Amino acid sequence: MSKSKSAYSVPGKIGKTERHIIVVWVDNEAGVLARIAGLFSGRGYNIESLAVAEVDKKKHISRITIVTEGTPQVIEQINLQLKKLVPVHKVADFKRGEKDILFRELALFKMLANTKKQEKIKKICKKFNPVVLDKTTKSFVIQVTALRAEIDKLAIDLKRLGLISTSRTGAVAMTKGPKIFN
Amino acid sequence: MPKLFTGAEIVFKALEDQKVDYIFGYPGGAVLPIYDELKNHKSIKHILARHEQGAGHAAEGYARSSGKPGILLVTSGPGATNAVTALTDAYMDSVPLVCISGQVPTHLIGTDAFQECDTTGITRPCTKHNWLVKDVNDLARVLHLAFEVATTGRPGPVLVDIPKDIQFKKGKYSFSKSTLKKKLNGRATHKISNNELDKFIDLLKKSSKPIFYTGGGVINSGPQASEYLRELVALTGFPITSTLQGLGAYPGDDPQFLGMLGMHGTFEANNAMHDCDLMINIGARFDDRITGKVDEFSPGSKKIHVDIDPSSIGKNIKVDLAIVSDVSEFLKLLIKRFKEKNKNFLSSNKQKTSKWWSTIEKWREKKSLNFINSNKIIKPQHAVQRLYELTKDKDTFVTTEVGQHQMWAAQHYKFNKPNRWMTSGGLGTMGYGLPAAIGVQVANPGKLVVDIAGEASVLMTMQEMSTAVQYKLPIKIFILNNEYMGMVRQWQELLHEKNYSESYTAALPDFVKLAESYGCVGIRAKTPDELDEKIKEMVNVDRPVIFDCLVDKAENCFPMIPSGKPHNQMILGPEEEEEISDEGKILV
Numbered sequence: 005m006s007k008s009k010s011a012y013s014v015p016g017k018i019g020k021t022e023r024h025i026i027v028v029w030v031d032n033e034a035g036v037l038a039r040i041a042g043l044f045s046g047r048g049y050n051i052e053s054l055a056v057a058e059v060d061k062k063k064h065i066s067r068i069t070i071v072t073e074g075t076p077q078v079i080e081q082i083n084l085q086l087k088k089l090v091p092v093h094k095v096a097d098f099k100r101g102e103k104d105i106l107f108r109e110l111a112l113f114k115m116l117a118n119t120k121k122q123e124k125i126k127k128i129c130k131k132f133n134p135v136v137l138d139k140t141t142k143s144f145v146i147q148v149t150a151l152r153a154e155i156d157k158l159a160i161d162l163k164r165l166g167l168i169s170t171s172r173t174g175a176v177a178m179t180k181g182p183k184i185f186n
Numbered sequence: 278m279p280k281l282f283t284g285a286e287i288v289f290k291a292l293e294d295q296k297v298d299y300i301f302g303y304p305g306g307a308v309l310p311i312y313d314e315l316k317n318h319k320s321i322k323h324i325l326a327r328h329e330q331g332a333g334h335a336a337e338g339y340a341r342s343s344g345k346p347g348i349l350l351v352t353s354g355p356g357a358t359n360a361v362t363a364l365t366d367a368y369m370d371s372v373p374l375v376c377i378s379g380q381v382p383t384h385l386i387g388t389d390a391f392q393e394c395d396t397t398g399i400t401r402p403c404t405k406h407n408w409l410v411k412d413v414n415d416l417a418r419v420l421h422l423a424f425e426v427a428t429t430g431r432p433g434p435v436l437v438d439i440p441k442d443i444q445f446k447k448g449k450y451s452f453s454k455s456t457l458k459k460k461l462n463g464r465a466t467h468k469i470s471n472n473e474l475d476k477f478i479d480l481l482k483k484s485s486k487p488i489f490y491t492g493g494g495v496i497n498s499g500p501q502a503s504e505y506l507r508e509l510v511a512l513t514g515f516p517i518t519s520t521l522q523g524l525g526a527y528p529g530d531d532p533q534f535l536g537m538l539g540m541h542g543t544f545e546a547n548n549a550m551h552d553c554d555l556m557i558n559i560g561a562r563f564d565d566r567i568t569g570k571v572d573e574f575s576p577g578s579k580k581i582h583v584d585i586d587p588s589s590i591g592k593n594i595k596v597d598l599a600i601v602s603d604v605s606e607f608l609k610l611l612i613k614r615f616k617e618k619n620k621n622f623l624s625s626n627k628q629k630t631s632k633w634w635s636t637i638e639k640w641r642e643k644k645s646l647n648f649i650n651s652n653k654i655i656k657p658q659h660a661v662q663r664l665y666e667l668t669k670d671k672d673t674f675v676t677t678e679v680g681q682h683q684m685w686a687a688q689h690y691k692f693n694k695p696n697r698w699m700t701s702g703g704l705g706t707m708g709y710g711l712p713a714a715i716g717v718q719v720a721n722p723g724k725l726v727v728d729i730a731g732e733a734s735v736l737m738t739m740q741e742m743s744t745a746v747q748y749k750l751p752i753k754i755f756i757l758n759n760e761y762m763g764m765v766r767q768w769q770e771l772l773h774e775k776n777y778s779e780s781y782t783a784a785l786p787d788f789v790k791l792a793e794s795y796g797c798v799g800i801r802a803k804t805p806d807e808l809d810e811k812i813k814e815m816v817n818v819d820r821p822v823i824f825d826c827l828v829d830k831a832e833n834c835f836p837m838i839p840s841g842k843p844h845n846q847m848i849l850g851p852e853e854e855e856e857i858s859d860e861g862k863i864l865v
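Residue numbers (the working numbering), protein chains in the order written: chain A, 5 to 186; chain B, 278 to 865.
The set of hints was computed from the structure by calculation and includes no laboratory data. Note that the structure is predicted; figures quoted are calculated from it, not measured. Warning: the hint list may mix true and false statements.
[Unchecked claim] Listed next, the in silico DSS-like pairs over lysine-lysine satisfying Cα-Cα at most 27 Å (straight line):
(1) B/K579 x A/K17
(2) A/K99 x B/K595
(3) A/K20 x B/K595
(4) B/K580 x A/K20
(5) A/K61 x B/K449
(6) A/K87 x B/K468
(7) A/K20 x B/K579
(8) B/K592 x A/K99
(9) A/K63 x B/K580
(10) B/K592 x A/K94
(11) B/K411 x A/K61
(12) B/K570 x A/K20
(13) A/K17 x B/K580
(14) B/K592 x A/K20
(15) B/K811 x A/K62
(16) B/K579 x A/K94
(17) B/K411 x A/K62
(18) B/K595 x A/K63
(19) A/K17 x B/K595
(20) B/K580 x A/K87
If we strip away everything but chain A, and leave its shape as in the complex, we get:
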């Protein structure tokens, strides 16, 4: 048995982690994002991506979508800790892969490519709602919306076709059908 040189207990077994998407409705006030981000960093939780914007101009409510990974116990703590924050109105939590949830991320790719190459690129992006936002003879900027893994893969494919700059959002989420998050 190894000797512990600490006044603290040794770590126990760590359970299997799962990826969750957590949606938080907050008062859009100064410092609110710092409170959320501080809670995650202070307690050692992980933020994979984050998307924030005000969704109710009148009531000043912002909707924050956070993608995180943790053991079921940690995910439960994240939910409960978020609910304790004063500016937080409600929290919704989804396990990745749940069927009745939609996720989307948006990405902008800037490519160095001549017109011929541009056609090829558009073809590759076809499945992901491509929109060309800017176009010159030497370059163009294309916007796609897709799932994270799809964008990851796309970025790799585009690399050899002249990708010089990538800008991505965090995931946003919404339920399928008429029901909304409660």
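With the hints as your guide, set chain B onto chain A.
Same frame as chain A, but now just chain B:
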């Protein structure tokens, strides 16, 4: 048009409406308008500390011994940063504090102005919530909301940062109860269902090896909660143990009480926790000082957890029945339901738990708190025992610093009432006890208030003796002086091959002379035979006292659970430790 008030006036109107009688604070440039207004509000008295940390701990002591929120008033910059330790301490131990801090004028915020710091940024992780008020018309609402956040649900500190120009500006004042209550604890006030009560009672009935494990939540729920707890424990005949913060909720000298549990808890309490088949956690949070190695914590038991904070449940230990509730409210309903259906529970259940009780008696026979006394040198445990014997007939309030003396106080001083024991448990703040005693004495004039201290801890906030003298607060600082940071020294002895790196304090002050220089009374006890007389002298002086009790320098605090070990592998005393070290120090 409604009457307009300056920001500073609004602060005091809000404090008056919240029925505040004492503020603990320290003035400075950015709060001068508020200090200027103090003279117009005779019902609110200000206690001038010597350091903002001292003011903060005094406010904590006031809050914990009175059940009311403690109010702290500090200036910007260093005033606010000095308060951070006290705020964090209050956050960890769930003490309601409202800290009002001055801030540089709004137009200078962000310019690195004189005595500017990002107060709300710095205090965000150590408060339940904080506010920077940039509009004087928000001030009244924010202040009342601050009181509500601090005192509802699981209590804790809050901070309101008020720029100096806002303190001068005129605005509206109104006092209306806020509507945000539902959210403050993450869940709307939870209505307890009969189904939950019946599940609880069912588990009680099925158990043959039960134990109550109660904590600070019982104290925070108010004196009524302790009454209910005593009733429930009597109704069931089950054994009960308490965390450090829960001491006093159940009488310390009652035969059903097994003493404190945890790292320095009793043999019987920890073994009962390990071997029980039902653990009933009421208002405790499965802290790491309690659980030890989580994987081996009480492996065979069903666990019930009653807590007002939903995030405390399932954080460290998975439980079988979770109840989100205020302790008092829940116990009231539970006892009613229990009595209705189980009239003869105690007698019918006696048989079932008799074997359990005889096992517990066997553990008790180990007398794990015993120590080898001496007639030449004062043993620290003996000093605490004598202090207890000589003060137990009074309604005594005890605070502590942090370290060995704190554990000895918890082990050997028996509390019979809630709100009589104020100690820094979660954060473990050395220097807590002296200023906390000031706050306790302010809230409880005429009562005996003793800070059981270590000489290292007490030097961290010694300057507050001056506060005690100024306000004629006859607190007693009972120092167990072993010249070491005792707990550090103990860990170094047990885990770091007796390399006492920087844990000895050379050049300590002469505490008796120090007392005299502050204008209070200094008493020194050197030998066991003069101890009682000196303690009596201390108790009988109606002035602040520093008591320098010279104790054995090598004494260690036992029993203890070594790090990473389950509850049934305790070290009972130095003999055992020696024996084990020969076998390869397996247990240490």
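Practice task
Please name the hints from earlier in the document that this structure breaks, with their numbers sorted from lowest to highest.
Solution key: 9, 15, 16 and 18
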